[in-house]
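Chemist: Between the sequences and the hints, there should be enough to build the whole structure, so can you do that?
Note that the protein sequences, when read in sequence, are chains A and B.
Residues in the first sequence are numbered from 0 upward in steps of one, following numbering that gives the first Met the number 0.
Residues in the second sequence are numbered from 0 upward in steps of one, following numbering that gives the first Met the number 0.
No lab work stands behind these hints: they were computed from the structure.
Glycine included, every Cβ here is placed at the ideal spot set by N, Cα and C.
Treat the hints loosely; a few may be bogus.
[What the hints assert, rightly or not] DMTMM-like mimics (lysine to aspartate or glutamate), calculated; alpha carbons at most 25 angstroms apart, straight line:
{"hint": "1", "chain 1": "A", "residue 1": "267", "chain 2": "A", "residue 2": "152"}
{"hint": "2", "chain 1": "B", "residue 1": "98", "chain 2": "A", "residue 2": "152"}
{"hint": "3", "chain 1": "A", "residue 1": "64", "chain 2": "B", "residue 2": "243"}
[To be verified] Partial selection, computed: residues in chain B whose CB lies under 8 angstroms from chain A:
{"hint": "4", "residue": "22"}
{"hint": "5", "residue": "161"}
{"hint": "6", "residue": "342"}
[Claimed, not checked] Going by beta-carbon spacing under 8 angstroms, a handful of chain A positions derived as facing chain B:
{"hint": "7", "residue": "46"}
{"hint": "8", "residue": "50"}
{"hint": "9", "residue": "274"}
{"hint": "10", "residue": "278"}
{"hint": "11", "residue": "282"}
There are 2 protein chains.
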Amino acid sequence: MEVDLVIIGAGSGGYEAGIYAYRRGMRTVLVELSPESVGGNCLNRGCIPSKYMRHGAYLIDKFEKMPEWGILPKGFDIDYKKLKEGRDNVVITIRENFKKFAQQINLPIIYGRGVVKDPNTVFVEGAEETIKTKFILVATGSRPVAVGNLVPDGKSVVDTDQIWDIDFVPKKVLIVGGGAVGVEFAYIFRKYGSKVVLVELQRRILPVDDIPEDSGRYLGRKLKQLGVDIRTKTTVESWEKTPDGVKAKLSDGTEVEADFILLAVGRKPTTQGFGLEEVGVEMDQKGFIKVNEFSQTTVPNIYACGDVTSPLMLAHKAMYEGKIAVNHMLGGTDWKRDDRVIPKIIYSAFEVASVGLTEDQAEDEDYEVLVGVTSFVTNPKAMDDGENEGFVRIVADEETGEILGCHIVGPHAGELIHQVVHMIRDRKNVEFASKTMYSHPSLSEAIGQSASEIHYGPITWVKR
Amino acid sequence: MEVDLVIIGAGSGGYEAGIYAYRRGMRTVLVELSPESVGGNCLNRGCIPSKYMRHGAYLIDKFEKMPEWGILPKGFDIDYKKLKEGRDNVVITIRENFKKFAQQINLPIIYGRGVVKDPNTVFVEGAEETIKTKFILVATGSRPVAVGNLVPDGKSVVDTDQIWDIDFVPKKVLIVGGGAVGVEFAYIFRKYGSKVVLVELQRRILPVDDIPEDSGRYLGRKLKQLGVDIRTKTTVESWEKTPDGVKAKLSDGTEVEADFILLAVGRKPTTQGFGLEEVGVEMDQKGFIKVNEFSQTTVPNIYACGDVTSPLMLAHKAMYEGKIAVNHMLGGTDWKRDDRVIPKIIYSAFEVASVGLTEDQAEDEDYEVLVGVTSFVTNPKAMDDGENEGFVRIVADEETGEILGCHIVGPHAGELIHQVVHMIRDRKNVEFASKTMYSHPSLSEAIGQSASEIHYGPITWVKR
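Modeler: The structure is reproduced here in structure tokens:
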């Protein structure tokens, strides 16, 4: 078989790159371990099933507010198996759609392990097929890490690959890690009735540089309000099995009993066993594949996208890098990786969305920064929807008004942020954002108002 | 009293213009009939209370879907008075916030009827105050119209000013008019348990040029599925009171009994009694105030905004025109009225959003048109949320790829559309829209996909 492009890994990045390569006229082949793993982590063990479960938690929130809309419900029972079933149906439907579509456009998926033999040859173990190719895209993804004595066994210690098999609502769960996955499951399990203890090593939840402290703290307060027991600057010192589950000793001196421990402490790139180093693809010290702004590795015709390239493991970053790689294979040098335009969204008790720089980051880059904040508390549409919590925060360059970053907490933040993604990509300033006609009432108005706060000077009557 | 600007009417347009004028340093006074009417129709008898009720209907939709998320509810009762109470609380809170905020920034509101005595003098009847001013902005809004023998009495025939006083769920309601208000209340009453008959004179619901036929039809099908009895090309020929309500004879030969008739056939501008014509402000044949692209009337220092200027009666159009007027008073000629950038959003069984041109309109303007459509049926986020119905439709110029219009039906269409409002305003093309990094999974991805359908050529696997 001879093609233009072999993509190793049909997860979000590989799949999207495959479709894009097809659109651009490249003869392309996808190589994926098995028919069950098409769609990768995001689809099968990540964003898609977790968003489904998160929507269930959101529905319970809605349920509790219904009386204000004259709807007086008579209580509800929880059937976790039905939740799981609904969730798995969505995952399977999307996966089968993927495969059907690939077939329709004659984008072959070969099942097996793709191993690079030389820069122009991929051998698929399992299918026992040798493919000659002009280009290779490595999109092999990542897998959960364990820490110390917390070794996942799927029962007492459950990692983010294993959580999907749990088929009951735990009475009590101990979540280790206050990042995106940790706060998401804290919200899900809490709303479905669990007692939740969330421990985080660092001093706040969502402890990453590109999410401002305010966003993390605002979410943290809400989770606490909902009854999540958040312990920051805390670790699990030891744990043991008990007849009912586990007992853990925390670094704050307390003991926590739980049905199981959910380990959500991060992921590492999957880069071994694909023959990459053997042909000269270099890794950095942390095991990520070194890529340039076009997602090109140290071997010029081999590219990489997604979780293998950096710790910011987001499906859409993978999809984007995959397309940039394809564009570059075809000679395009106009489209480059650009960290400023990556939306980062967390779905927990609120949606927490960020794009571009935080104030701290902007100051580190020597900007004089202006910030405009608008609360959803008084936003009419948010009030109509009973979701008037959170805020829109815009960070701009004082000199030019250029929008450097935007950080939204609250209703539909994950969709709203895209307005600013477009603007940051296009280097728009706050005057532009303030002069758009926003529908009234809408949540989007808060974006215009935050921009106006900067452009015209602050007058806001924010209740924070 | 001597000021720079008197604004007659503190509805959406007047209020927003007042804040903007304050931001721009003008000494400004708002004149409004009474403390109870601050906020105008939108706040008191329009978009705000109706969006609240619409959210209740949406909650009932959500309630019914909960079992798929493992939430098994035990039924509910309806308490319409609580709905009304919650709704009125939101309206009053926003109104009081408005007033408090105006006070905080020293933007006076004088209560009474503002009458223009000469282009530089407004006399406020009631307050008996004469104000000398450089500029006047007329923002007096609109009121419902009646048709033929359907004369609103608040009981048998209820107009859109009176519907807010109804304090029970009608067993059966006859809605006259299939425009924005008609389809909104059809959905609300249907979900709260009413039988609903919706009659529309024209051949489809949402019968306006700037909403494409596909959007109206898609919504119509959904309403019918929910049990709304839609009768297009139909009118009420006669009606009479009965012991239980009303009985109406329709032009299709049938008779409909109902608790009351909701009349939602449109609004007319409120332009009489303000001394406008006396000082030379000209009206068009339909009674709208003639304005130029800067919202300036035929008297150079008198401007008008909102419902008095055109039949497209949208709060945000009023707000926008008000700001353009203020900008022009201060010498700005860069900011003009532009119909292409007005988002139009209807909240019914779906959100139906439009901006810019439909295909028909684009063809009328001699564009060669390309259209990209992406269904929400297979959108992963929409599937996770159980709202995978509807579509994103982008209309572009074949020659340049410029985005001419966008029409979204489905989840959060009313927020999503703003991404394209920004783009259309900035004359962006489909290449721009297709190269943004959209979060995965998100509804917003459907915008990028529709743009890609045009830019790269169609490959979509849309289930329509």
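Chemist: Compare the structure with each hint and give your call.
Modeler: Now for the hints, and whether the structure bears them out:
| no. | hint | verdict |
| --- | --- | --- |
| 1 | A:267 x A:152 | holds, 18 angstroms |
| 2 | B:98 x A:152 | violated, 60 angstroms |
| 3 | A:64 x B:243 | violated, 34 angstroms |
| 4 | 22 | holds, 4 angstroms |
| 5 | 161 | violated, 19 angstroms |
| 6 | 342 | holds, 4 angstroms |
| 7 | 46 | holds, 6 angstroms |
| 8 | 50 | holds, 4 angstroms |
| 9 | 274 | violated, 29 angstroms |
| 10 | 278 | violated, 30 angstroms |
| 11 | 282 | violated, 25 angstroms |
The structure fails to meet hints 2, 3, 5, 9, 10 and 11 from the earlier list, while all remaining hints are met.
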